[in-house]
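Participant: Please take these sequences and the hints and turn them into a complete structure.
Taken in order, these protein sequences are the chains called A and B. First residue of the first sequence? That's 2 in this note's numbering, and the numbers climb one at a time after it. First residue of the second sequence? That's 230 in this note's numbering, and the numbers climb one at a time after it.
Treat the hints with care, since some could be wrong.
Far from chain B by the CB rule (all over 12 Å, computed), these chain A residues [to be verified]:
(1) P24
(2) Q104
(3) S416
(4) Q429
Computed list of lysine-lysine pairs in PhoX-like fashion (alpha-carbon distance at most 20 Å, straight line) [claimed, not checked]:
(5) A:K252 x B:K589
(6) A:K60 x A:K252
(7) A:K7 x A:K51
(8) A:K404 x B:K668
It is worth saying that the hints were derived from the structure and are not from the lab. From a predicted model like this one, the values you see are computed outputs, not experimental measurements. Heads up, the beta-carbon is just placed ideally off N, CA and C, and yes, glycines get one too.
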Amino acid sequence: MSRTIKGGIHPPEHKELSENASPRVYEAEGELIYPLSQHIGRPAKPVVKKGDHVLVGQKIADADGFVSACICSSCSGIVKAVEKRRTNAGTYGECIVIDNDGQFTEAPDYGREVSCDDLTNEEIIGKIRDAGIIGMGGAGFPTAVKLMPKDPGAIRHVIVNGAECEPYITCDDQLMRTRAADIVEGLQIVMRLFPHAEGVILIEDNKPEAIAAMTAAAAGQEHVRVVVARTKYPQGGEKSVISLVTGIYTKVSELPAEAGCIVDNVATILAIRNAVRFSKPLVRRMVTVTGDAVKTPSNLIVRIGTNAEELVAAAGGIREGVTLEKALFGGPMMGVAVADLSVPIQKGSNALTLLAHDEAMDAQREMTACIRCGRCARVCPMGLVPEMMAEAVERKDYESYEKKFYGLECIQCGSCTFICPAKRPLTQLFKIAKAEIMAKAAKKPVPSGKEDK
Amino acid sequence: MTEEKVLHVSSGPHVRSRLKTGSVMLGVIISLMPATIAGIWNFGPSALYTVLASVAVAVLTEYLFDRIAHKENTVKDGSAVVTGILLALVLPSGTPLYIPVIGAVFAILVVKCFFGGLGKNFMNPALAARCFLLISFGTQMTRYEVDGVSGATPLATLAAGGNESLLNMFLGRTNGVIGCSILGLLIGGIFLWAMGGITWQIPVSVLASFTLFIALFGGYGFSPVRLLQQICGGGIVMAAFFMATDPVTSPVTGRGQLIYGCLVGILSGLFRVYGSSADSVSYAVIISNLFTPLIDLMPAPKPYAYRKRQAAKEAGQKKPSRFPKPALILCAITLIAGLLLSTVYGMTKAQIALKQEEEKTASYREVLPDAEKFSAGSDLKSAVSALDGKTYGTSFGKVTIDGAVEGKDSSGSAVGYVIAVTSGDGFNGDISLSVGILKDGTVNGISFTTLNETAGMGMKAEEPTFKDQFAGKNVDAFVLNKQGGSTEDNQIDSISGASITSGAVVNAVNAAVDFYRNQIAK
Numbered sequence: 002m003s004r005t006i007k008g009g010i011h012p013p014e015h016k017e018l019s020e021n022a023s024p025r026v027y028e029a030e031g032e033l034i035y036p037l038s039q040h041i042g043r044p045a046k047p048v049v050k051k052g053d054h055v056l057v058g059q060k061i062a063d064a065d066g067f068v069s070a071c072i073c074s075s076c077s078g079i080v081k082a083v084e085k086r087r088t089n090a091g092t093y094g095e096c097i098v099i100d101n102d103g104q105f106t107e108a109p110d111y112g113r114e115v116s117c118d119d120l121t122n123e124e125i126i127g128k129i130r131d132a133g134i135i136g137m138g139g140a141g142f143p144t145a146v147k148l149m150p151k152d153p154g155a156i157r158h159v160i161v162n163g164a165e166c167e168p169y170i171t172c173d174d175q176l177m178r179t180r181a182a183d184i185v186e187g188l189q190i191v192m193r194l195f196p197h198a199e200g201v202i203l204i205e206d207n208k209p210e211a212i213a214a215m216t217a218a219a220a221g222q223e224h225v226r227v228v229v230a231r232t233k234y235p236q237g238g239e240k241s242v243i244s245l246v247t248g249i250y251t252k253v254s255e256l257p258a259e260a261g262c263i264v265d266n267v268a269t270i271l272a273i274r275n276a277v278r279f280s281k282p283l284v285r286r287m288v289t290v291t292g293d294a295v296k297t298p299s300n301l302i303v304r305i306g307t308n309a310e311e312l313v314a315a316a317g318g319i320r321e322g323v324t325l326e327k328a329l330f331g332g333p334m335m336g337v338a339v340a341d342l343s344v345p346i347q348k349g350s351n352a353l354t355l356l357a358h359d360e361a362m363d364a365q366r367e368m369t370a371c372i373r374c375g376r377c378a379r380v381c382p383m384g385l386v387p388e389m390m391a392e393a394v395e396r397k398d399y400e401s402y403e404k405k406f407y408g409l410e411c412i413q414c415g416s417c418t419f420i421c422p423a424k425r426p427l428t429q430l431f432k433i434a435k436a437e438i439m440a441k442a443a444k445k446p447v448p449s450g451k452e453d454k
Numbered sequence: 230m231t232e233e234k235v236l237h238v239s240s241g242p243h244v245r246s247r248l249k250t251g252s253v254m255l256g257v258i259i260s261l262m263p264a265t266i267a268g269i270w271n272f273g274p275s276a277l278y279t280v281l282a283s284v285a286v287a288v289l290t291e292y293l294f295d296r297i298a299h300k301e302n303t304v305k306d307g308s309a310v311v312t313g314i315l316l317a318l319v320l321p322s323g324t325p326l327y328i329p330v331i332g333a334v335f336a337i338l339v340v341k342c343f344f345g346g347l348g349k350n351f352m353n354p355a356l357a358a359r360c361f362l363l364i365s366f367g368t369q370m371t372r373y374e375v376d377g378v379s380g381a382t383p384l385a386t387l388a389a390g391g392n393e394s395l396l397n398m399f400l401g402r403t404n405g406v407i408g409c410s411i412l413g414l415l416i417g418g419i420f421l422w423a424m425g426g427i428t429w430q431i432p433v434s435v436l437a438s439f440t441l442f443i444a445l446f447g448g449y450g451f452s453p454v455r456l457l458q459q460i461c462g463g464g465i466v467m468a469a470f471f472m473a474t475d476p477v478t479s480p481v482t483g484r485g486q487l488i489y490g491c492l493v494g495i496l497s498g499l500f501r502v503y504g505s506s507a508d509s510v511s512y513a514v515i516i517s518n519l520f521t522p523l524i525d526l527m528p529a530p531k532p533y534a535y536r537k538r539q540a541a542k543e544a545g546q547k548k549p550s551r552f553p554k555p556a557l558i559l560c561a562i563t564l565i566a567g568l569l570l571s572t573v574y575g576m577t578k579a580q581i582a583l584k585q586e587e588e589k590t591a592s593y594r595e596v597l598p599d600a601e602k603f604s605a606g607s608d609l610k611s612a613v614s615a616l617d618g619k620t621y622g623t624s625f626g627k628v629t630i631d632g633a634v635e636g637k638d639s640s641g642s643a644v645g646y647v648i649a650v651t652s653g654d655g656f657n658g659d660i661s662l663s664v665g666i667l668k669d670g671t672v673n674g675i676s677f678t679t680l681n682e683t684a685g686m687g688m689k690a691e692e693p694t695f696k697d698q699f700a701g702k703n704v705d706a707f708v709l710n711k712q713g714g715s716t717e718d719n720q721i722d723s724i725s726g727a728s729i730t731s732g733a734v735v736n737a738v739n740a741a742v743d744f745y746r747n748q749i750a751k
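Facilitator: Printed below as a string of structure tokens:
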């Protein structure tokens, strides 16, 4: 039953740092910051103004259009400002800032239990939309939109993505260990929307306890099975997950629904369950605070909008005798490095990885000429030839990059950069190329340095 | 975070594998060790010195070039060591040490550094250097010695109709280059493959296409022993695992590697069967290297998502061939070319022989115009064959008597003899000539059948002023007069500036006269 993707790599996992750290609740102390653009699509529109008093679960920004998501307050307090703040994307973005009163007074409807049998499919999707749920594995696609494919009857698989292939991160592992039954309940809710779908829970074999817990929870459930995959990065990527379950490889331009799939991360499924069954909007999530620079690697349940610095402190702070060199939102493969930790946890922030040593700097020093060894092509999960793509980018031949080498099919998983013995920044080049091509398509200049720095 | 600290910010991924260019090279070096050690074991310390000289000079050359060109020191990536070892492994063991030194300088400086260093060379540096050495130092590069005794390589022995123990070839206990132990190469090559240093495509396609070509055109059919001898000799295994697989000069994609591998194999076979050079594989690899950019121009492999789509469309019709079409086409073209070549060779072979025979007769006529027919009686034949093609006499230099015929006029009475001699002492190789001798021992004339001397100098031997000096003289032996202005019958004026050529010719004529007087006339 052990299966795995084509290509891929085995980066050091380092999951041992936090995989057995039981989830702890951390309640935010300082102000909470809610960037309006935490998702794919148009930024949310604020529905509160400075001076308003808000409660936990109260909507503070509404979705702007179909592909967008609303934002609900995760604390109670006074709206301090609606202004530009630094976010974890490394740039300044419009944010709602709420002065936390520390009471966490809940809105009247928050936590009201509802039986699914009383809800229509439209009502379920409406509750998911109103909860502001987006893909919590990092992609950030509005979940309600994802759950409304053209033909729900054509969906054959609802996949709960518990692969968690990114090194260091253990929050999904812990969720599956501690909330297995709730996750299966969430899966059943989603499966209700798709009459012909079976439920698949995909887990990598480096998480035996999660496999055991989910298998037990899924036992006796109709049309639900647990699929175990041999551990390999980037197996948790949406396209990889689909190819593992169905054997179909989808193009970048194709949605999972075109392969008859709905793929949701474990945390997203749980958020769906909380929203539908208990009217709880997405206000909390589990975040793994880990890395060799942090004292007590932890899995923290925190309120969205909490300042990352508070999380570091909650995990014991930086280890003595160690200098923090790099801080990442997410894991080391696809995570985003931040220059300043004073940025908020967002809906899609699954981990805070604090590294005492920046390997990327060493790589820059050790870079040699490409020896055309072809390892990049062998590890590419998409079947691309990064060596040729990089060569095209280096001579600014974006035409060839896109047309001849299918460069836009790159999912920027970083496998090629990881494996390259010459330490060439391949993925980084592809990010530049993608930005250039997108900018050209949109006929506007590239936002300077956004992708690169 | 309160203290002022700058966090590193860079685009992901933020971790790297431990694999470095240096470790890739180290993998190659380790996998070359079995063959290197086998070479030193078989050939003794001289092989070790060759390896050491080659490696040291390769590294030093790269270091000095980087210094002089103000480039970053690239020695630490280890690629110069790899080139050094590879070069040594394709050199004969007993060569003077200046051979690996010159070769290593050429490989690193000319082939690699001049074209931009690591990753930029368009030919395999070690093999390019070997070809350069073969052309420039042909003698040293083809003198194979084991324990001070020189001999032919297994392939040369086989080509001459001899036989060679397959086991000795497999173990590398034959005359050959240092890295001729097939066992050592296989151990290293399979290790390299297992470590991910090379892919299976190139070794498999090189060996398969080469074997197929030899089986079809090698003249021995599918005889397993003959095929194995061809595979174990002449460096095809070395090329399959270590030379053709050099990532810099081979295609990146698996499909490209298959095409390239077939090209290497077929060209090796072509040169082996129909070529005249001492080496076939080296040339095949470096020529194939030149095709690499072209092969890489082929459409890139489609991403999985696109391949699936195509397969789905074609489902139910027919399964797309797993073997790439361009490879099939290329193989077909090469096979056809090989066939054509062999047919043309077969057709022209007889004509060439006829032509050569005519030329010979013409030269006989030239030196013995009175004769009508030329024939060799059994006594003449046995006199020549008694010499066994060995150097004739002791005072004529490297002269051999190639043949002798008796010339008779139209009435059937003997006029004289024509003796064909070759001197190996020419300035530019062999000089062959026919010497016409009348029955009384008078030299009637000489005519050259092979003369490749320097134009304007040694080539003047063909001019009447030189070669007519021999005609009509009846002497025991001619003497070369370097001063000129000869008065005596036995004196021959040297061609000015070409005393080596002149001496060789005089010696050759003297040998012919001696042969006539002592063996034919008796």
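Participant: Which hints, by number, does the structure contradict?
Facilitator: 3, 4, 5, 6, 7 and 8
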